[in-house]
Structure formats: structure tokens, C-alpha cells
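Number of protein chains: 2
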Amino acid sequence: MMGNSENEDPLEDLIINYNELNSSVIEELDEEPSALEFMRFVARNTPFVVRSGAANWQATRTWTVNYLRELLRDESVNVAVTPAGNADAPTPYTSPDDGTTTLVFAKPHEEDQPFMTFLSYLISQEHRQQSPQTPSQATTSITTTATGEIRYAQTQNDNLRHEYLPLFAHVPATIPWARIALARDPDAINLWIGNSRSVTALHKDNYENIYVQIAGQKHFVLLPPVCHAAVNETRLRPAVYRRRRMEVSGGGEGGGEEEGLELVLEEGEGEEVPFAIWDPDRPGENATRYSALVQPMLVTLDPGDMLYLPCMWYHKVSQSCSPEGVCIAVNYRYDMDFTGPLYPLSTFVRSISSKALQRAE
Amino acid sequence: MMGNSENEDPLEDLIINYNELNSSVIEELDEEPSALEFMRFVARNTPFVVRSGAANWQATRTWTVNYLRELLRDESVNVAVTPAGNADAPTPYTSPDDGTTTLVFAKPHEEDQPFMTFLSYLISQEHRQQSPQTPSQATTSITTTATGEIRYAQTQNDNLRHEYLPLFAHVPATIPWARIALARDPDAINLWIGNSRSVTALHKDNYENIYVQIAGQKHFVLLPPVCHAAVNETRLRPAVYRRRRMEVSGGGEGGGEEEGLELVLEEGEGEEVPFAIWDPDRPGENATRYSALVQPMLVTLDPGDMLYLPCMWYHKVSQSCSPEGVCIAVNYRYDMDFTGPLYPLSTFVRSISSKALQRAE
Numbered sequence: 001m002m003g004n005s006e007n008e009d010p011l012e013d014l015i016i017n018y019n020e021l022n023s024s025v026i027e028e029l030d031e032e033p034s035a036l037e038f039m040r041f042v043a044r045n046t047p048f049v050v051r052s053g054a055a056n057w058q059a060t061r062t063w064t065v066n067y068l069r070e071l072l073r074d075e076s077v078n079v080a081v082t083p084a085g086n087a088d089a090p091t092p093y094t095s096p097d098d099g100t101t102t103l104v105f106a107k108p109h110e111e112d113q114p115f116m117t118f119l120s121y122l123i124s125q126e127h128r129q130q131s132p133q134t135p136s137q138a139t140t141s142i143t144t145t146a147t148g149e150i151r152y153a154q155t156q157n158d159n160l161r162h163e164y165l166p167l168f169a170h171v172p173a174t175i176p177w178a179r180i181a182l183a184r185d186p187d188a189i190n191l192w193i194g195n196s197r198s199v200t201a202l203h204k205d206n207y208e209n210i211y212v213q214i215a216g217q218k219h220f221v222l223l224p225p226v227c228h229a230a231v232n233e234t235r236l237r238p239a240v241y242r243r244r245r246m247e248v249s250g251g252g253e254g255g256g257e258e259e260g261l262e263l264v265l266e267e268g269e270g271e272e273v274p275f276a277i278w279d280p281d282r283p284g285e286n287a288t289r290y291s292a293l294v295q296p297m298l299v300t301l302d303p304g305d306m307l308y309l310p311c312m313w314y315h316k317v318s319q320s321c322s323p324e325g326v327c328i329a330v331n332y333r334y335d336m337d338f339t340g341p342l343y344p345l346s347t348f349v350r351s352i353s354s355k356a357l358q359r360a361e
Numbered sequence: 362m363m364g365n366s367e368n369e370d371p372l373e374d375l376i377i378n379y380n381e382l383n384s385s386v387i388e389e390l391d392e393e394p395s396a397l398e399f400m401r402f403v404a405r406n407t408p409f410v411v412r413s414g415a416a417n418w419q420a421t422r423t424w425t426v427n428y429l430r431e432l433l434r435d436e437s438v439n440v441a442v443t444p445a446g447n448a449d450a451p452t453p454y455t456s457p458d459d460g461t462t463t464l465v466f467a468k469p470h471e472e473d474q475p476f477m478t479f480l481s482y483l484i485s486q487e488h489r490q491q492s493p494q495t496p497s498q499a500t501t502s503i504t505t506t507a508t509g510e511i512r513y514a515q516t517q518n519d520n521l522r523h524e525y526l527p528l529f530a531h532v533p534a535t536i537p538w539a540r541i542a543l544a545r546d547p548d549a550i551n552l553w554i555g556n557s558r559s560v561t562a563l564h565k566d567n568y569e570n571i572y573v574q575i576a577g578q579k580h581f582v583l584l585p586p587v588c589h590a591a592v593n594e595t596r597l598r599p600a601v602y603r604r605r606r607m608e609v610s611g612g613g614e615g616g617g618e619e620e621g622l623e624l625v626l627e628e629g630e631g632e633e634v635p636f637a638i639w640d641p642d643r644p645g646e647n648a649t650r651y652s653a654l655v656q657p658m659l660v661t662l663d664p665g666d667m668l669y670l671p672c673m674w675y676h677k678v679s680q681s682c683s684p685e686g687v688c689i690a691v692n693y694r695y696d697m698d699f700t701g702p703l704y705p706l707s708t709f710v711r712s713i714s715s716k717a718l719q720r721a722e
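Taken in order, these protein sequences are the chains called G and X.
Residue numbers for the first sequence follow the numbering used here, beginning at 1 and rising by one.
Residue numbers for the second sequence follow the numbering used here, beginning at 362 and rising by one.
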């Protein structure tokens, strides 16, 4: 029968069988699906992209940098600040006590900034294009404003209906085919504003997600839920960046004092964060014996494109900027349905993966 | 987080988590669903019943015994014959060589009979009601016409569009909401005619299935696909019943010769049939350590009721007769969608279950 290879290792078979039955090339639609067509994708837990599905949204047509400045002139917004675009990402941490380096879960420093300041910073950094340091190469917990901290408006707390309310009228209040199919309104509608220096590390969410690109591009690397054994989920100690003035021995000038970001472990043990530490863009590092089996699905969203990202799919997201120097996207997040077999089966795969990888250690 | 118990055994957790998130009481609809509503159930791989959904079908309204006799007067039909209603069921087999008894997979004797003969046999057997022998208590491989062989028209080869073509016009050629949702026509439409002596043993199919009760009742015991470890799937040697005249030492008269059914092993090794040997109606027998965790979903179909049986659900089906002494049902079988995670995950659960139960032996 189809998809039944006869390997010794069920976790290996699971990924191989999945790959045999499913394409790693995303399905592309030319127009928005009906609610029923969408529900078929939900049933299959399979992504698709609607090319130009949101091309006529007011947001897509009007959100130039100047227009945003005008609309949000007096607003203050929450900004995630990291040295290397690594908000909520596995990050090497060197202990000040014993000099050992371990991976921790690095949360950004968060602060409110005037929207005008934030946007200008993003754009000027993007246009400088000075010796771009890709976020995943960041191995230091400290950077300076000289090399440029990375800022990203990425609160996922329904910010488009709160913090960015003046913009909300420019997007549909709901995606009709999703609302009708899922029989619920979005749990959150979020706006994301950043530049090419920010990357969202591989992770998964218990949400049905629809991403809409407004300006610039988002580059998704997608893995299905069955790939749990490949992502090397590891319990990481949480740490958070904080601003600090510090001595630096940098450049050719023998040091000085600059503002930087220091990664600080959070207090308390036992609050570890289980997180994927394998990066499909650096497949040789932090791999498990299952990682090489994975066939990631790659999709780039251009302005006006819509992506359905099914619940529990792993996704890593990087960004390119519009000619104006920004990357802007909106996503509609719907609570997933925890009934049926998929959620318990996903927990099961996670549990078996964890046992198998522990045994191998 | 919901559904995450912290047990040691992932297979146990899987069933427990599933039970926590899903009701074991079937959802009942008062009218047929829309294609979209149906697709939501498909997405959740969750059964439902539409009470009286087919009450106005011509079949439901007109298929009396006399009417069927009239329509099929000259037809000959395929009949499955067994000693105890155990077609395609795990059955004890006693070797004539060494007297040892093992479970085998018993296939019925199949033969063509005039429809009139077949129907009269069913009805008169049902009305005799003599010391009913429940099929699962059958432990002999031989019976005689004196106790009554069991006959069941149960070919699942699209028989309503072939063998029983004169009846096909009395049911819809397709179920509109299923055809639209699944975007396909039924792979097979089958008619089932039997009496209360036949039972279909617990098994699962790779089909989306819609059962429609026409006369009498069907009693379903349903288990979700995550319960694989509970059903004690075992590789059984296939055997088939065949008619034979044989000596009997029966009754008070010192024996004689009667026609009986003899269970004969099929030739050739290596053709074993993996089959569930746990019976949810006799939970103490052939159980695994997971069987007691299962919460079977029970549903009885009355005439006109429709059942959606999602792909890969285990089902055991027994029957009650109409006052006329027959049980008649139709099912529409649609190919399942093998894409997405569910099929590979089901294979995975099967594989892990098999390893876990082997280890325990």
C-alpha cells in the first residue's frame, strides 16, 4: 500500500512516508478560495499561497512609508530590540562566571519608541547595507549601536486592532473564507514591521494562520508537524536582552564606552523553554539523525500574496525590504481545533521523538 | 496545556489525550449537512449521524420484502455463507492434524443463490428465533444446516450499481454534500442484506464512508484511529469456509450425514492478514494493556438514518431486523485523501504499537 516503507525506525518511516505522499512544493492559487476549498486545505493540514490575493487591499495599495508616517505621526509603538535580529531565538550565551557557552532562548529587549524614530531607524539601517551580518551567524550576546541593533515591531497581541488601530480600517476585519470555514473570528490580527536584519527562528504555533504581505517580501521555510524528530527540540534556559552601557575594545581606536545589549539569564530554574534548535538553513548544525530526511517547503511572499500556514507547521521566516527599506506584513490568527486525532497525534510524535533522541545520547 | 497528561507511556497518553479532547457520544444532526459542514467533520475525522436524513428516499419508503421479491424475482445474487455470521472475522481453528486451536482469519464461503431463495432463508431463520447463538461465541469450525448456516449479501464491489442494478434508481446516485466536499464521486455504492445473525468484525477501511439504514437497525461500535494499540492487531492465517457433506454424531439419534461448512486453511505461508482480534463487546478477551483505555462510540442506525464513518475508524457492526425479518443498508464509499499528516501518522501509531506490544510479550 502506498507510503508504507519497511524501515526499522518508525520516526524515519513517518517522515519518508509523508514525503512520498505530499509535495514539498506549495500549491499556488490565482484567486482566493471558497470557504469549502479552504476547508479542504485545513482538513489536509496543507499550506497554500494565493498570489496577489490581497493586491487590492487598501493597505497594499497605500501603505507607503510617507503615508504611515503621516498616519502614525504621534504614536508610540512597542519595539523588540536584539543585537542580531534574533528575537525569541536559540542563541549562544557565554557565562560571565565560567566562560562556558550554551544555547539559551533569547527574548528581545522590549521598549516603546515613537513610531517616527522606529521607522526611520529601520529604513536608514536597511539603506546603509553595511557588511550585512546575517542573524544566524550571531554568536555574541553583545553588540553596539555602531554595528547597529536590530529593531522589529512584532508584538503578536492583536496589535492591529489596538496599537496600530489607525491602520486597521485598511485591511479586511476578517478573511471571509477563513471565518466561514472555521466558524470563528480571528483570535488576533497582527502587524509586523521590520527590515531584512530580523529573522523569526523555526517554531510552530497552535493556530491556523493567514499571512498577508503588504510591502517587501517574507521568505518562509515550512516543515510539517510530522517532522518533530528533525527539529531537535531542546529545553533552553530563557534569557532576555537588556540595554547597558559597556566598555568596548573595538574598531581600530582602542575602545571606548558604548550602549549595547547584554543577554541576561532569567531568574529561576525549571522555566526552560522547549524549542527547535535545528535551522533548516544551516542543516549541518544542531541536526538530529532525522534532519536530513526533511524536505522543507519554501515560499516567498510578494506584496499582495496570502499564505495559509496550517496549525502546528514549523516555520522559519526571513525578510527582504521594499525599495523604501521596510518589510510589512499582517497575519490573521485563528484558534485551531483541538478535537480530532491531529493534536494528540502531534503530541505523540513529540513524545516518541524525545524518547528516541534521548536514547541516542 | 489541554490534553497533555504526563504519563510514561506515549501510547497510553495518546488514547487518554484523545479521550480528553473528544466526546465518545456521536454528534447528531437533524438534517443533512452542507458540503462545508461535512468538510469540517472530515477535517476533524469525527463521525456524525443524521437522524432521518434518508427517510424520504424511495428505498426507505418502498423496500418491503414483497417489493424486493417482485423487483429481483429472477436475479441471482452473491451470498456469503458462514456457520456463525462470522464472515471475514478472527475465528478459532482446530487443526485436524494435531488438535491445536489457533485464531485464523475466516473468509465466508461465497456462492450465487436465487435472490428469492436467499431472502426467504434470511427471513425464516430470523423468525424462527431458535436459541440464538451469538456469532462471537462460535468456537466451532463446522456447523450444520440443522442449527442454520448464516447468509449475508455483503459484497462490497459496488454491487448496487451492478448486481442489484434494478434497485439503484431508488437511492440517490451520489450524496451531494459528500460529492461536493470531497470533490469526487463514490468509489463504490454497496447494498447489504442480512439478518440479526451476521456480525461484521472490528476492522478499519481507508475510505470515507456514509452508511444509510433502509430497514432494520445497524449497531456500530466505533473506535478512532489513535486506538490502534488497543485492538490487538495480529497476523492471522487466512482460511475459508467450504461446503461439505460430513458425518455428525448429533442429536439423540446417534448421528447421520448432513451438509456442513468446513473451515480450510488457505494454501501458502506468508499471506497472513493483520487483523484486530480484540472485540469491544468482549473486552476481557484478547485485550492488550491499552484496550481498557478505549471509550467506544456507540451508535444505532434506524431506518432513514445516515452515518458518516470517517476513514480509518475501527468499526464493529451488528444488526437487528425489521418486523419483516431483514436488515438492509446502503453505503457510499469515497476514496480517502492520503495527503496530509493523518495517513502517515496512522501508520506510525501502528508501527509503534506493534513494537510496544512485541516488547511486552
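Honestly, I wouldn't trust all of these hints.
[As the list claims (entries may be wrong)] Only some residues are given here: those of chain G computed to face chain X with a beta carbon under 7 angstroms:
hint	residue
1	18
2	21
3	35
4	46
5	264
6	336
7	338
Everything labelled a hint here was simulated from the structure, so no lab data went into it.
In this text, a Cβ means the ideal position worked out from N, Cα and C, and glycines have one as well.
Hints, one by one, checked against the model:
1. Hint on residue 18 (chain G) holds. Least Cβ distance to chain X is approximately 4 angstroms, under the 7 angstroms limit.
2. Taking 7 angstroms as the C-beta contact cut-off toward chain X, the hint placing residue 21 (chain G) at the interface holds, the least distance being around 5 angstroms.
3. The closest approach between the C-beta of residue 35 (chain G) and any C-beta of chain X is roughly 6 angstroms, which is under the 7 angstroms cut-off, so the hint is satisfied.
4. Look at residue 46 (chain G): its Cβ gets to within about 6 angstroms of chain X, closer than 7 angstroms, so that hint holds up.
5. A least Cβ separation of about 27 angstroms between residue 264 (chain G) and chain X goes past the 7 angstroms threshold, and the interface hint is therefore violated.
6. Among the interface hints, the one on residue 336 (chain G) is violated; its C-beta lies about 11 angstroms from the nearest C-beta in chain X, farther than the 7 angstroms criterion.
7. Taking 7 angstroms as the C-beta cut-off, the interface hint given for residue 338 (chain G) holds, the closest approach to chain X being about 5 angstroms.
Taken one by one, the earlier hints fail for this structure at numbers 5 and 6, listed in ascending order.
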